[in-house]
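K.L.:
Read off the chains here:
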Amino acid sequence: MMPVSVLGRYLARHRVRYAAGVLLLIATNACALLIPWVTKDVVDALGGAGRSTATRETVALGALLVVGLALAQALVRTASRLLMLGAGQRVESEIRADLFDAFLRLDLAFYQTRRTGDLMSRATNDLQSVAMLVGFGLLSLINTAIVYAGSLVAMLRIDPWLTAVALAPYPLLVAVARRYTTRAHAEALAVQEQLSRLSTKAHENLSGMPVVRAYTLAPREIAEFRTLNEEHLARVLRQTRTHGLFSPLLAIMTGIGALSVLWIGGRAVLEERLSLGVLVAFSGYVAYLAWPTMALGWVLAIVRRGFAALGRVTEILDARPGIVDGPDAAPLVEPLRGEIEIRGLTFRYAPEHPAALRDVSLRIAPGSSVAIVGTTGGGKTTLAGLLPRLWDPPPGTVFVDGREIHTIPLRDLRAAIGFVPQEAFLFSRTLRENVAFGAPEDGVTAAAEVAGLASDVARLPRGWDTVVGERGLTLSGGQRQRSTLARALLRDPQILVLDDAFAAVDAETEVAILDRLLERIQRRTTLVITHRLRVASLLDRIIVLEDGQVVEDGPHAELLARGGPYARLWRRQQLESTIEAAG
Amino acid sequence: MNHSRLGSLEDDEVVGRVYDARLARRVWAYTRPYRRAVAYSTVLFPLLAAVDVVQPYLVKIAIDDHILRGDWPGLSRIGLLFLGTLAVQYALRYGQIYLSTWTGQRVVHDLRATLFAHVQRLPAAFFDRNPVGRVMTRILGDVEAIGEVFTAGLVAIVGDAITLTSVVVVMLMLHLRLTLLTFAVLPILAAVAVALRAPVRRAYRDARTRLAHLNADLQETISGMPVIQLFGAEAARARELKDLSDRYRQAQFRRMGLESLLYAIAEALGATVVAALLWWGGIEILGGTLTFGVLVAFMQYTQRFYLPIRDASAKFSVMQAATVSAERVFALLDTPPETGGAVVPAVGPSGPAVPVRHPPAIELRDVWFAYPGAGQDGLGRDGEGAPAWAIRGVSLRIERGERVALVGGTGAGKTTLARLLTRTYDVQRGTVLVEGVEVREWDLVALRQHVGLVLQDVVLFAGTVAENLTLGRDVPRAMVEDVARRVHIDTFTRRLAGAFDAKLLERGANLSHGQRQLLSVARALLYNPPVLVLDEATSSVDPETEHLLQDAVNELLAGRTSVVIAHRFSTIQRADRVVVLQHGQLVDEGPHAVLLRRDGLYRTLWELQYGPGAPGGRAADAAARA
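One line per chain: the protein sequences are A and B, in this order.
Per our numbering: the first sequence = residues 59 to 641.
Per our numbering: the second sequence = residues 178 to 803.
Bound-form chain A, shown alone (with noise of 0.2 Å):
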């Protein structure tokens, strides 16, 4: 959708608010520009017109119709600043919470393909632009509309002519504000791309510092990084200039403004065409006017930014998820029993990629206990990944408990897998939310007992309380690992998967885990994957996947008495353990 399309919805949602906004800010523009009037009265009244007609009172009471404006022109704006500026925090708080949701919603495809930086970009920078184009902008440009007109008609109803004199320098200003915007931008551009220059160098140097100190490349990397900030000050002064020859000329131009009335109409004055109090009054004018059309650069600076910003965002509005309940999911009426099975499974991570599975056709009873071993690359992560439909497999290929894993809804499908990934990613709150994770929370320490985390918890400095995570304290990897599996065992799930879960304890203690495990978690299905076949020889099965096929199957007994690639792997692990041991 269109940007201006889309900021119309939700503009729409506070009309009311708006609206109101903007009456609110007439009305206080209105006593503004009635200052000056009033002053001109008294003015004239003081013997500006000619004759003195004033008394102490007529003045005092001039001067207080004044302060009584002053007062109703504060009162009415900050009513009009918080509407309008409230509205537009509503509004950006909508946006937010909907890019929010599109963050939810999208898949893993979607985060595949962009960095988290590029993204948090977005919902900072990018929203704090159209923040800023939904409050501030939007209040400045109507304010700037209604100054503009308010003391046109002002004046006009003073004197035409004066007015004329008064307004002769604006069409000039606007003319070379056009001619200073597009130059300023096309500067502001080459400013940009040369900060970016910057920016990359910068990084490729501290990315490559290894390098660079090996090579002793510091002398050449300094000279670049010169060389390249030089001519960022250029551009930096070249742009400088520019602005330095553009922005004092507003100022100025009002002060022409003042000029041309005083000049032109001092002339009127002393030819007593004119009364002096209007000139008091068209000074007034002239500088009431002075500030709007100083900022108003800088308004449409906001403006052109809010909209681009309003793009990036809608992008992420728009995006779609390729993950989604298939057209026929219908609800699970009894919990699954857990019997996986694959038909001819083949598998890209995208049409161009090499196939990560090969026709894959495997069948998984329910309750059993199952490895998947084999070569790095070989496909076991992108196998039990399709599962949960973390990656979407082609229709027809993968089933559970007889149905066609699309026609299961995608949270009954993920609630009946407890997935334990190999990275063990922990939020920054307590370990007991964590574990948790939205499940009753009475469930934990049993989870944990069963998961070889109970001793740890024990030792944390505040038990179950302690918050982990980037923000909090640091788990050694073996302690993340063992809390992520609590996490999905706390679910009681009927198929559980452990991708390559205990990578960060050693053998021994893997194998105790899967021990207890398999002797608490009977009549679940369990899909192991795994470097260690020690660990993998405790299982039912074994599948031993190479370049995305499935090239052994069976029994860890059967496989070794086989000879073949399994029986090779096992002979090396064992040296390795042999290696291990000497030291």
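Any given hint could turn out to be false.
What the hints assert, rightly or not - One side only, chain B facing chain A, incomplete, derived with CB under 8 Å:
# : residue
1 : GLY256
2 : TYR275
3 : ASP423
4 : VAL604
5 : SER689
Just so you know, the hints here were simulated from the structure itself, not pulled from any lab data.
Computed from a predicted model, the values in this text were never measured in an experiment.
Backbone N, C-alpha and C fix where the C-beta goes; we use that ideal spot for every residue, glycine too.
Could you slot chain B onto chain A? The hints should help.
P.N.:
Relative to the frame of chain A, chain B by itself:
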């Protein structure tokens, strides 16, 4: 430590002081080369203030002496004079904007270049602790914030102060009673500002912390997205985020309300001053003690007086941000760089022709090393407080011209040992000597030119093939092409559009893995260090490239003292000596054939790699790798 200070500053609240004399002095020192510009712009301020003061005064004269007396030629003279002041004002403003930005940006760019150069000299341990993003922020963002001091911060505050003073002086000279009347509201304004200062600050801080909280949570949500989706926690997470977002909006609204209030009060007070002038001035005009011109001039002076006061808070927040940034930037600049000694040993030509006894090319004497910080983070590490030694008491002598292969399992300490030879890290115990001189005494650049370290991870820079080979040194093209031929990269290079001048895409995306490895060998060959430490690539490449690579490595190692973290059979076989590491200790050493007969750890490692009873050779090599 500076490192930890840097770290803790990262998430710090930006509620720092507005001014810090120590930091200001350090920033001021950077203006030294530009003092002339600073002097000029200092002169401009009083001039600008003078123009600001003169204009209303001209209005006064125009009204009192000419308009009200019907003197058109006089009015025209004043009109021309006024036009003249506008022209002068324009020129002065331009000069002031340009000079202050010029100075500010010069300082920014100098500081940035200094910072970048300083970072190049920081030890590897610094980069282990400070992510690239953080250092980037220092170099790009924080430095810019300091520049703002010149354009919008301190300099503008000084300018405003001069203008304010001049306006006050002229007002006092024009009419004492009206001046006092104008200032009558100042105490009210001050009282309001003081009363609202604390709540406004708190509101600002609330809004900022809540936003930071919201963003941190969002960042984590994005990183942990697979977990959230697998556990069906989307709705709960959306609620939490919405909650944080609402809390942020409330704080924002409060902040905005207070700000609007402050703004409204300032505006109302300004108008009240106009009203008071009108009232009192009117009475004085009636009494004949005041002229119209003075009254009108006063109204304009009042505006010029209150405008800088209203904008002051914006300038103070610029100063606050700059102070925080300056603190971070100088903390980084104060991080001690790695320092080498001054010794550049004269090393004669290698080879047996010279019958002098040379010290060993490399010697390690009971070296112990633990990575900085290892053993302290996290819980449950064995032996609280004791460093996690990566190298434990290794002693080793490598003679000139000797070729040594380092072997051992994963985590045995091979790469660590290699790094110690170029003093990437300093050892905690023992000594590392190169050519008989302790590495700490070597001039660092000389050391790293003497001992070349070629890492497994090939880093390519944006630039042409030739630039990536020479790394910017002035090397004749013929020599580059000769080396390219010797390591077999000339064929594929010539196929690229532009050959050696072909641009490599980001990180060499248009090259295969094997080609990148070959490039890195060529680069080392051109660098031509007397001693070479090579971490052989483990990742597999196709057999054809593998063959070329072996050839290239042989070319590289020929006639050079070398230490190779060996993964290839051929490399080990051609080594004069094999050193076996395990758990950071040297467990065995000797020629390949001798070790293999010994039936120790080396034999087991060997069988693991190439199969039991392997005679060696390419077939076994390839099989083990598949």
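K.L.:
Does the CB of GLY256(B) sit less than 8 Å away from some CB of chain A?
P.N.:
Holds, about 4 Å.
K.L.:
At a threshold of 8 Å, is the proposed contact between VAL604(B) and chain A supported by beta-carbon distances?
P.N.:
17 Å, violated
K.L.:
Using the nearest Cβ pair, does SER689(B) come within less than 8 Å of chain A?
P.N.:
Status violated, d = 15 Å.
K.L.:
With 8 Å as the cut and Cβ atoms as the points, is ASP423(B) at the interface with chain A?
P.N.:
7 Å, holds
K.L.:
Does TYR275(B) meet its interface restraint, that is, does its C-beta lie within less than 8 Å of any C-beta in chain A?
P.N.:
Holds, about 4 Å.
Checked against the numbered hints above, the structure breaks hints 4 and 5 and satisfies the rest.
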